[in-house]
Structure formats: structure tokens, C-alpha cells
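Order-wise, the sequence lines are chains L and G. Heads up, our numbering is the position in the first sequence plus 236, with the first residue counted as 1. Heads up, our numbering is the position in the second sequence plus 236, with the first residue counted as 1.
Worth double-checking, as some hints may not be accurate.
No distinction is drawn between identical chains; accordingly, a pair holds when it is met within one copy or between any pair of copies.
Below, a list of computed lysine to any residue pairs in the SDA-like style, where the Cα atoms sit at most 25 Å apart [what the hints assert, rightly or not]:
1. K394 <-> P484
2. K473 <-> P439
3. K394 <-> P561
4. K394 <-> G317
5. K394 <-> N562
6. K473 <-> N608
7. K394 <-> R566
8. K394 <-> E410
9. K394 <-> G239
10. K394 <-> D466
11. K473 <-> M644
12. K394 <-> P439
13. K394 <-> P414
14. K473 <-> A460
15. K394 <-> Q609
16. K394 <-> A517
17. K473 <-> A493
18. K473 <-> R358
19. K394 <-> Q258
20. K394 <-> F487
21. K394 <-> Q273
Hints in this document: simulated from the structure, not taken from any laboratory.
2 protein chains.
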Amino acid sequence: MEGIGIVGAGIAGLHLGLLLRQHDVPVTIYNDRTAEQLAGGRMLNSVAHHHATITRERALGIDDWNDEEYFYYGHHHYLGGGPRPLRFPGFFSAPSRAVDYRLYLPRLLEEFVARGGEFVVRPVQAADVVRLSERHDLVVIASGRGSMSAMFPRRADKSPYDTPQRKLCVGLYEGVAPSEPRGVTMSVAAGQGELLEIPMYAPAGHVTALLFENVPGGELEMLAEISYEDDPAGFEKLVLEKTREHHPATFERIDPARFHLTGPLDLLQGAVLPAVREDYARLPNGRYVIALGDAHTVVDPVIGQGANCASYSAWALGQVILDDPNFDERFCRKVADRRRNHVHATADWTNLMIRTPPPPHLLRLFAAMSENQAVADEFTENFSHPDRQWDILATPERVTSFLARHGMG
Amino acid sequence: MEGIGIVGAGIAGLHLGLLLRQHDVPVTIYNDRTAEQLAGGRMLNSVAHHHATITRERALGIDDWNDEEYFYYGHHHYLGGGPRPLRFPGFFSAPSRAVDYRLYLPRLLEEFVARGGEFVVRPVQAADVVRLSERHDLVVIASGRGSMSAMFPRRADKSPYDTPQRKLCVGLYEGVAPSEPRGVTMSVAAGQGELLEIPMYAPAGHVTALLFENVPGGELEMLAEISYEDDPAGFEKLVLEKTREHHPATFERIDPARFHLTGPLDLLQGAVLPAVREDYARLPNGRYVIALGDAHTVVDPVIGQGANCASYSAWALGQVILDDPNFDERFCRKVADRRRNHVHATADWTNLMIRTPPPPHLLRLFAAMSENQAVADEFTENFSHPDRQWDILATPERVTSFLARHGMG
Ligand SMILES: Cc1cc2nc3c(=O)[nH]c(=O)nc-3n(C[C@H](O)[C@H](O)[C@H](O)COP(=O)(O)OP(=O)(O)OC[C@H]3O[C@@H](n4cnc5c(N)ncnc54)[C@H](O)[C@@H]3O)c2cc1C
Ligand SMILES: Cc1cc2nc3c(=O)[nH]c(=O)nc-3n(C[C@H](O)[C@H](O)[C@H](O)COP(=O)(O)OP(=O)(O)OC[C@H]3O[C@@H](n4cnc5c(N)ncnc54)[C@H](O)[C@@H]3O)c2cc1C
Numbered sequence: 237m238e239g240i241g242i243v244g245a246g247i248a249g250l251h252l253g254l255l256l257r258q259h260d261v262p263v264t265i266y267n268d269r270t271a272e273q274l275a276g277g278r279m280l281n282s283v284a285h286h287h288a289t290i291t292r293e294r295a296l297g298i299d300d301w302n303d304e305e306y307f308y309y310g311h312h313h314y315l316g317g318g319p320r321p322l323r324f325p326g327f328f329s330a331p332s333r334a335v336d337y338r339l340y341l342p343r344l345l346e347e348f349v350a351r352g353g354e355f356v357v358r359p360v361q362a363a364d365v366v367r368l369s370e371r372h373d374l375v376v377i378a379s380g381r382g383s384m385s386a387m388f389p390r391r392a393d394k395s396p397y398d399t400p401q402r403k404l405c406v407g408l409y410e411g412v413a414p415s416e417p418r419g420v421t422m423s424v425a426a427g428q429g430e431l432l433e434i435p436m437y438a439p440a441g442h443v444t445a446l447l448f449e450n451v452p453g454g455e456l457e458m459l460a461e462i463s464y465e466d467d468p469a470g471f472e473k474l475v476l477e478k479t480r481e482h483h484p485a486t487f488e489r490i491d492p493a494r495f496h497l498t499g500p501l502d503l504l505q506g507a508v509l510p511a512v513r514e515d516y517a518r519l520p521n522g523r524y525v526i527a528l529g530d531a532h533t534v535v536d537p538v539i540g541q542g543a544n545c546a547s548y549s550a551w552a553l554g555q556v557i558l559d560d561p562n563f564d565e566r567f568c569r570k571v572a573d574r575r576r577n578h579v580h581a582t583a584d585w586t587n588l589m590i591r592t593p594p595p596p597h598l599l600r601l602f603a604a605m606s607e608n609q610a611v612a613d614e615f616t617e618n619f620s621h622p623d624r625q626w627d628i629l630a631t632p633e634r635v636t637s638f639l640a641r642h643g644m645g
Numbered sequence: 237m238e239g240i241g242i243v244g245a246g247i248a249g250l251h252l253g254l255l256l257r258q259h260d261v262p263v264t265i266y267n268d269r270t271a272e273q274l275a276g277g278r279m280l281n282s283v284a285h286h287h288a289t290i291t292r293e294r295a296l297g298i299d300d301w302n303d304e305e306y307f308y309y310g311h312h313h314y315l316g317g318g319p320r321p322l323r324f325p326g327f328f329s330a331p332s333r334a335v336d337y338r339l340y341l342p343r344l345l346e347e348f349v350a351r352g353g354e355f356v357v358r359p360v361q362a363a364d365v366v367r368l369s370e371r372h373d374l375v376v377i378a379s380g381r382g383s384m385s386a387m388f389p390r391r392a393d394k395s396p397y398d399t400p401q402r403k404l405c406v407g408l409y410e411g412v413a414p415s416e417p418r419g420v421t422m423s424v425a426a427g428q429g430e431l432l433e434i435p436m437y438a439p440a441g442h443v444t445a446l447l448f449e450n451v452p453g454g455e456l457e458m459l460a461e462i463s464y465e466d467d468p469a470g471f472e473k474l475v476l477e478k479t480r481e482h483h484p485a486t487f488e489r490i491d492p493a494r495f496h497l498t499g500p501l502d503l504l505q506g507a508v509l510p511a512v513r514e515d516y517a518r519l520p521n522g523r524y525v526i527a528l529g530d531a532h533t534v535v536d537p538v539i540g541q542g543a544n545c546a547s548y549s550a551w552a553l554g555q556v557i558l559d560d561p562n563f564d565e566r567f568c569r570k571v572a573d574r575r576r577n578h579v580h581a582t583a584d585w586t587n588l589m590i591r592t593p594p595p596p597h598l599l600r601l602f603a604a605m606s607e608n609q610a611v612a613d614e615f616t617e618n619f620s621h622p623d624r625q626w627d628i629l630a631t632p633e634r635v636t637s638f639l640a641r642h643g644m645g
């Protein structure tokens with residue numbers, strides 16, 4: 237048997253692979269695309285890593301992008317769409333960083349191979365998994381949102397939506413001056429959706445990701461549908477117009493003359509259907525496979541948690557592999573127990589944030605954040621601690637008791 | 237609201253109460269018996285605390301019984317009843333201690349009250365719990381094996397037995413010379429049951445507990461049924477005879493002339509039905525109550541885990557109370573997640589040990605222990621770590637891989 241087999245070279249598979257290589261466990265990663273294809277292809281996402289993830293990267297010996305220029309320090313909130321917009325910042329205890337995955341993943345893959353990991357370029361089919369399970373001690377499915385995740389039934393109790401709640405349009409742009417202090421701007425246009433404006437390091441250098449999260453049927457939905465290729469100038473003009481109308485806190489830092497997409501591949505349009513799936517599956521031959529990352533739990537990108545959660549989960553799985561390498565159902569249950577609170581909190585929190593209309597206790601919390609810096613900072617810090625965020629947000633009573641703790645009766 | 241209300245002043249309720257008082261949380265313990273009744277009554281059990289529990293006691297500032305005379309260092313195994321008995325010791329990394337609960341619990345209760353805990357002597361009925369739940373932020377049911385535990389449904393998936401698997405007879409005796417080095421003797425009479433011989437500190441001083449765990453229908457069952465009061469000398473004579481015949485490793489250290497029960501109350505006969513119950517229940521008023529200790533999970537005393545597990549569980553619950561004092565279903569689930577592996581491992585391991593006939597992989601492990609001191613020591617050390625013990629014992633494959641790790645192909 238040849239150690240651990242991982243399907244998928246995303247953050248889930250690579251964080252797990254690097255952790256296991258640090259402990260000399262043999263690892264093979266199977267991926268349908270080469271490092272060059274990952275590096276040269278269409279933009280994959282616009283991921284920010286929060287400090288809990290950066291701490292894990294340091295523990296893995298990933299020391300790139302550590303200069304001040306790559307970091308940002310908090311969130312600038314703009315809650316508009318009503319008569320009186322709310323505007324306030326919130327700060328992390330340690331900074332976050334957003335590096336384009338076309339740079340990030342190939343770098344991790346290079347490191348994985350340099351540390352003795354085996355990388356096999358090959359699309360794995362569901363039908364191949366039994367064979368892989370007989371070659372490896374354990375097979376981990378970390379293949380993202382694609383069809384392989386169907387091996388793990390969707391949990392209805394944790395998956396409240398049957399259709400995507402946002403239509404996405406994310407691109408990399410020049411011509412947006414950074415916010416001060418450098419941060420992500422989270423702009424909410426009530427009833428229409430959100431704009432996440434992210435300072436990102438990409439192949440074109442320091443640029444700005446604009447991630448429009450548009451309510452289906454709303455006034456910005458078309459951003460997810462119109463074609464850039466057909467009419468680049470028309471596309472950029474529409475983005476500018478919608479930003480001016482619905483997301484003024486970002487628009488005021490845009491220089492329209494310089495505003496443009498950094499390239500035709502630096503754009504992604506689509507939608508994400510949130511799903512929490514079972515942690516593991518039993519194959520016909522009696523062996524178990526584990527789901528990891530998006531193959532296990534997909535969240536809408538609105539609060540930027542999917543990759544951070546995939547990294548957390550890779551770590552949890554790696555610890556159990558190192559502690560107790562007996563890959564039976566007891567093993568799978570331990571993995572599930574270990575990550576459950578964090579992963580479910582991530583999904584529950586995200587699903588709350590995309591509920592339309594927003595629940596009153598969320599609006600109550602936002603109002604309190606605008607009045608009390610400590611409240612805003614705790615919410616912002618909890619982007620590294622979704623479990624703690626859900627301790628605050630799970631019920632209206634919890635919001636009340638959180639605010640009472642901050643002296644807000 | 238007046239802090240935390242705990243029903244039951246056993247180790248579960250008292251460890252939780254002392255932990256919470258260290259953090260100035262208001263706590264009320266309700267118990268149906270006074271400290272004097274506990275101290276002066278019939279023997280409650282013959283509990284040994286392993287080092288993980290002793291570490292928690294030190295953290296709680298319980299510093300009694302810390303001289304060398306109270307400790308013991310491992311287990312002397314005697315596996316008889318077949319043609320060739322196996323005999324071998326196993327040692328802990330740190331010692332265990334057995335103090336009669338008629339000394340132990342009143343001492344903890346005294347400390348609890350001295351530290352500002354409230355102690356109310358009163359039998360609580362199931363019907364009172366709603367009222368208590370409106371007086372306290374949280375009600376914890378730590379009332380032991382009694383009827384209150386029926387609030388928490390028994391989990392069929394974790395409770396394999398419908399009748400007790402052993403008939404118990406435990407008493408405190410003079411006239412048994414200690415084993416060398418001081419330890420618990422675990423004697424197995426194949427098909428008949430076990431004898432646990434425990435060096436115990438009791439009101440009469442340093443004495444020996446003999447805990448006979450008798451297979452129902454077997455040759456020692458009558459020990460659980462005959463009356464001491466009717467014929468003290470006849471009772472002691474029968475105990476001696478059965479010990480000689482079935483548990484020679486203990487018998488050889490008995491001086492029959494000095495052998496006698498230390499008092500009529502120093503004897504307990506009966507049987508324990510193992511059960512794993514749900515972690516929590518929702519009351520008609522929407523509030524939640526948590527089960528703790530024997531009220532949550534009862535195990536047969538054969539490997540002395542119930543009280544140690546109750547202490548672990550009290551600690552886990554206490555940590556969640558201190559972290560996140562919002563006593564809703566999320567809270568209950570976090571408690572359940574936190575203790576599940578440890579508590580279920582305790583139950584699963586114990587239920588394996590009382591299976592008749594014993595499963596072949598358990599016998600394989602015993603044989604290996606008799607040949608390899610490191611294997612015997614790891615098994616013995618794991619009396620403080622039931623989760624690790626179950627990592628070894630959960631399946632025949634796990635025993636094989638554990639033995640392979642010790643170089644035993
Ligand atoms: C627009 C956008 C913005 C986002 N922003 C954030 C953010 O700010 N913060 C955050 O934490 N998360 C964010 N996310 C989510 C994040 O991108 C994902 O959660 C994360 O990348 C998932 O990683 P993964 O390793 O599980 O899967 P993936 O990254 O999808 O990796 C899976 C890999 O497996 C390969 N593969 C798939 N099928 C097969 C097969 N059959 N055989 C072989 N290989 C296969 C794929 O090619 C891919 O390389 C965002 C997502 C989007 C879409
Ligand atoms: C013979 C024997 C040997 C054992 N040996 C060991 C050992 O070596 N190691 C080990 O770890 N465990 C051992 N155990 C198990 C251990 O005794 C129990 O698991 C442990 O004591 C349970 O503690 P508890 O606090 O949950 O319950 P209990 O100790 O039963 O405490 C419950 C308390 O609640 C009170 N109460 C009950 N109902 C009510 C009510 N309605 N209202 C108010 N008060 C109420 C009771 O009077 C009691 O004081 C042994 C058990 C037996 C029987």
C-alpha cells in the first residue's frame with residue numbers, strides 16, 4: 237500500500253499533502269490539470285486567507301508573500317440601500333492576505349513535489365476510486381465542487397437552499413485606489429446583494445478584485461450573465477455604473493479613466509449552490525473514503541470562508557491520520573467529530589449571511605457594530621474563528637447575550 | 237437566574253461544581269442525602285482514580301491523599317480457568333489511587349461549600365426539573381444510575397445489552413497481603429467472571445476491596461445473592477472458597493485466620509445494566525438539561541472507568557460552560573461533540589470486556605501482553621485514556637496493527 241492518495245490539488249489537497257510530507261507519510265496527489273494549466277488558466281476564485289490559515293501556512297513552511305505589501309488589516313463596512321447608510325471599519329488581531337490561486341496553488345504544488353510528494357496528472361472518475369482505495373491506505377476526495385462530491389450525500393438538515401442565493405461576477409481590475417488602512421470593503425446594497433472589494437496579489441501585480449454577489453432577480457444579476465468578450469468596454473461601463481449606483485463606498489475610490497479588467501481570463505461568472513455533505517463514504521469493497529474541502533462542504537463566497545475552512549479541515553484530517561492511522565469507520569467518525577463544529581459553523585454562518593431578507597438579529601448586530609468598535613472588531617476577528625462567530629450569531633438570544641457582554645443592553 | 241443547578245453530589249456533580257466555583261460561577265448542588273448520610277452509609281462502590289483524574293483533582297486544588305501510601309502502580313493480571321494460566325504485570329506512567337467514596341465525596345462537598353457553592357439537601361423529582369430550569373441558567377442531571385436518568389433516552393446503537401452481564405459482590409476486607417509492587421490484581425476465571433482486588437483507603441484504614449464480577453448462571457453468581465447479615469462467618473467462608481478455586485493469584489496472599497469483612501456496611505451486592513443515553517433533553521418550556529456521569533452513561537465496573545469518565549465529562553462540560561454560556565441546543569451539541577469520543581470509547585471498551593465468550597482479538601491482545609512488557613504497559617497506561625484504548629481494540633484489524641507497531645507480526 238502506498239500511503240495516502242488525494243484526489244485534487246486545491247488548497248484542501250495541498251495543505252493535507254504538505255502536512256503529511258512533513259511527517260514523512262507517502263502521499264500521491266491526483267489532479268486533472270497540470271501546474272501550468274492551473275497557472276495559466278481562467279481565474280479560479282478571489283480567495284483571502286485569514287490569520288488562522290496563515291498560521292497553518294507558516295507551520296507548513298510556506299513562507300512566501302510575507303512582506304507588508306501583501307497584507308490587509310480589516311474590513312470597511314458599508315451598509316447601504318436604505319435611507320441612512322451605516323459605515324464603519326472592523327480590525328483583525330493579525331492581518332489577512334489574498335494571493336491569486338494561479339500563483340498560490342502552483343507554488344504549493346512545487347513545494348509538495350520538492351518534499352517528496354508524488355503528483356499524478358489524471359482525471360479520476362468515480363469508478364476509479366475503488367481501484368485507488370486498493371492502492372492506497374486511505375483515499376481522500378478533495379476534488380472541489382465537481383461531480384466527484386456526489387459520492388457523499390448532501391445533508392438536507394445542513395443545506396437549507398436548493399438554488400444558489402447569489403449570482404457571482406468576480407474580476408481583477410486596475411484603477412481602484414486602495415482603502416485606508418488597507419482592507420476589504422464589504423458593501424451591502426439592501427435587497428440587491430454585496431460587493432467584496434479585495435486587495436489582491438495576482439499575475440498582474442497588486443490589483444483589486446471586485447466580487448459582486450448579486451441577488452437573483454435583482455438589479456445587478458445581469459453582471460453574472462453579460463459577456464466581456466463580446467464587448468469589453470461595454471462590460472466595464474456596466475460594472476462602473478452598477479458600482480456607482482449600489483456600492484458608492486468603492487465607487488468613490490475608482491478612477492474611471494484608469495478602470496479596466498486586467499485581462500480576459502481575470503474574470504469569473506457563475507453561482508455556487510451551498511451544500512454540506514456526509515463526511516465519508518464506504519466503498520463496495522468495505523474501505524472508506526473521506527471528503528475534504530469543497531467536496532465536503534461548499535459555501536457561498538460572500539464571507540470568504542470556503543478555502544479557510546478547507547485548510548482547517550485538511551489540518552484536522554491530517555492530525556487524525558498522524559495520531560491513528562487505522563482507516564476504518566472509527567477513524568472517519570473521529571475526523572467528523574474533530575471538524576464538525578468548525579465546518580458546520582462556517583456553513584451556518586454563511587447561509588445566514590445570504591438569507592433574503594436578512595434576519596433581524598443580523599441587522600441588530602450590524603447596527604451595534606456601527607456604534608461600538610469592540611463589537612465590530614470581534615465580528616471581524618472571527619473571520620478566523622467561524623465557530624466563535626456562530627456562538628454569537630446562531631440565535632437572536634445569542635446576539636442579545638453577546639451585546640450584553642459588550643455592555644449594550 | 238442563579239447560575240448552574242446540579243442534581244447529584246457524586247463525583248460528576250462535585251467535579252463540575254468545584255471547577256465552576258474556581259471561576260466564580262454560582263453553583264447549587266441538590267442531593268437527596270446529607271454529607272453525613274453519605275459518610276456513614278453503605279459502601280457506594282470501590283472506585284480507583286487513574287492519573288488523568290488525579291491530574292484534574294490537583295487542578296481543582298484537591299490535595300488530599302497524596303502520600304505514597306495511597307498510591308498503586310499498575311495491574312497484576314492473572315488469566316486462569318484454562319489449562320495454562322497467564323500471569324503478567326502492566327504499569328502506569330503515573331500511579332492510581334482508590335479512596336472510599338464515603339471519605340472522598342464528603343471531603344469534596346466540604347470544599348465545595350467552603351468555596352461558596354450552595355448545597356441543598358432535597359430529592360429532586362422529574363416533575364421538579366422544569367421549575368429548577370426556570371431558577372437556574374442551566375440544570376445538569378448528575379444523579380447517577382437512579383430513575384432521573386430516564387429523562388435521557390437510552391441509545392440502542394451504543395447499548396448492546398438488555399440485562400446485566402455480571403452479578404457483583406464487593407466488600408472491604410482485612411487479611412489480604414498487598415501485591416508487590418502495590419497494584420490492582422485483575423483475575424479472570426474463564427467463563428466465570430473476574431475478581432478485582434484493589435488496595436483501598438477506607439474508614440477502617442488501608443484495606444482490600446474484593447470486587448467479584450460474576451457471570452450470571454456461573455459458579456460465583458451466588459456471591460451476589462447470599463446474605464452476610466444472616467451468617468457472617470458462612471459468607472466469609474464462601475468468599476474464601478470461591479477465591480481459592482477461581483482466583484488463586486489473590487488467594488495465595490490471604491491469611492484465612494485474619495480474613496474478614498471490615499463491617500456489615502462495607503459490602504455491596506447487585507448488578508449494573510450498561511447504558512449510553514442521549515446527551516441532553518429539551519424540556520416542555522424550551523429549556524435544555526444536560527446528562528452527566530452515570531445519568532448519561534453507565535458502564536459495568538469491571539475495568540473501573542465509570543467515575544473516571546464522569547470526571548472527564550464534568551471537565552468537558554465545565555469548559556464549554558466557561559467558554560460559551562448560552563444554554564441552547566448549540567451548547568448541548570458542543571458538549572456532546574467534546575466528550576463523545578472519550579465517553580463512547582469508555583462504553584465500547586467496557587462492553588467488549590464483559591462479552592461472553594470474550595472476542596478472539598481480545599484474547600490475542602492478552603496473549604501478546606503476557607509476552608511483551610511494552611504491550612502490557614500501553615494497555616495498562618490506557619486506563620487513563622479509554623479513547624486510545626479503543627483505538628487499539630475497536631476491531632481485530634486494529635489489534636493486528638497495534639501489535640505490528642510493537643514488532644509483533
Ligand atoms: C469567487 C470566489 C471567491 C472566493 N473567495 C474566497 C475567500 O475569500 N476565502 C475563502 O476561504 N474561500 C473563498 N472561496 C472558496 C474557495 O475558492 C474554495 O472553498 C476552495 O478553493 C476549495 O478548495 P478545494 O481544495 O476544496 O477545491 P478546489 O480548489 O476546487 O480544488 C480541486 C482540484 O481538484 C481538481 N479536480 C476536480 N475533479 C477532479 C477529478 N475528477 N480528478 C482529478 N482532479 C480533479 C480540480 O481541477 C482542482 O484542481 C471563493 C470561491 C469563489 C468561487
Ligand atoms: C462496585 C463498583 C465499583 C466501581 N469501581 C469503579 C472504579 O474503579 N473506577 C471508576 O471510575 N468507576 C467505578 N465505578 C463506577 C462509579 O462508581 C460511578 O460511575 C460513579 O460513582 C458515578 O458518579 P456520578 O456522580 O455520576 O453518580 P453517583 O455517584 O451515583 O452520584 C449521584 C448522587 O445523586 C444523588 N441522587 C440520586 N437521585 C437523586 C435525586 N432524584 N435528587 C437528588 N439527588 C439524587 C445520589 O444520592 C448520589 O449522591 C464503580 C461502581 C461500582 C458499583
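Okay, the hints, checked on the actual structure:
Taking the closest pair of Cα atoms, K394 and P484 never come within 25 Å of each other, the shortest separation being 35 Å inside a single copy and 58 Å across copies. For a Cα distance limit of 25 Å, the shortest separation of K473 from P439 inside one copy, 24 Å, qualifies, whereas the shortest one across copies, 89 Å, does not. For the identical chains of this complex, K394 and P561 are inter-copy neighbours only, at 24 Å across copies versus 29 Å inside a copy, given an alpha-carbon limit of 25 Å. Taking the shortest Cα distances, K394 and G317 never come within 25 Å of each other, neither inside one copy (30 Å) nor across copies (54 Å).
Proximity of K394 and N562 under a CA criterion of 25 Å is satisfied inter-copy only: 21 Å between copies versus 28 Å inside one chain copy. Taking the shortest alpha-carbon separations for K473 and N608, neither the intra-copy value of 37 Å nor the inter-copy value of 77 Å comes in at or below 25 Å. For the homomeric pair K394 and R566, the shortest alpha-carbon distances inside one copy (23 Å) and between copies (14 Å) are both at most 25 Å. Within a single copy, K394 and E410 get their C-alpha atoms no closer than 39 Å, and across copies no closer than 60 Å, so neither meets the 25 Å cut-off.
For the homomeric pair K394 and G239, neither the shortest alpha-carbon distance inside one copy (32 Å) nor that between copies (32 Å) is at most 25 Å. With identical chains, the CA atoms of K394 and D466 are never at most 25 Å apart, being 40 Å at best within one copy and 62 Å at best between copies. When the C-alpha separation of K473 and M644 is checked against a cutoff of 25 Å, the pair qualifies neither within a copy, at 44 Å, nor between copies, at 73 Å. Within a single copy, K394 and P439 get their C-alpha atoms no closer than 37 Å, and across copies no closer than 55 Å, so neither meets the 25 Å cut-off.
In the homo-oligomer, the alpha carbons of K394 and P414 never lie at most 25 Å apart, since the shortest distance is 37 Å inside one protomer and 57 Å across protomers. For a Cα distance limit of 25 Å, the shortest separation of K473 from A460 inside one copy, 14 Å, qualifies, whereas the shortest one across copies, 89 Å, does not. With identical chains, the CA atoms of K394 and Q609 are never at most 25 Å apart, being 32 Å at best within one copy and 48 Å at best between copies. Taking the closest pair of Cα atoms, K394 and A517 come within 25 Å of each other both inside a single copy (18 Å) and across two copies (21 Å).
Taking the shortest alpha-carbon separations for K473 and A493, only the intra-copy value of 11 Å comes in at or below 25 Å, while the best inter-copy value is 104 Å. Within a single copy, K473 and R358 get their C-alpha atoms no closer than 41 Å, and across copies no closer than 76 Å, so neither meets the 25 Å cut-off. Taking the shortest alpha-carbon separations for K394 and Q258, neither the intra-copy value of 34 Å nor the inter-copy value of 37 Å comes in at or below 25 Å. With identical chains, the CA atoms of K394 and F487 are never at most 25 Å apart, being 36 Å at best within one copy and 59 Å at best between copies.
With identical chains, the CA atoms of K394 and Q273 are never at most 25 Å apart, being 34 Å at best within one copy and 50 Å at best between copies.
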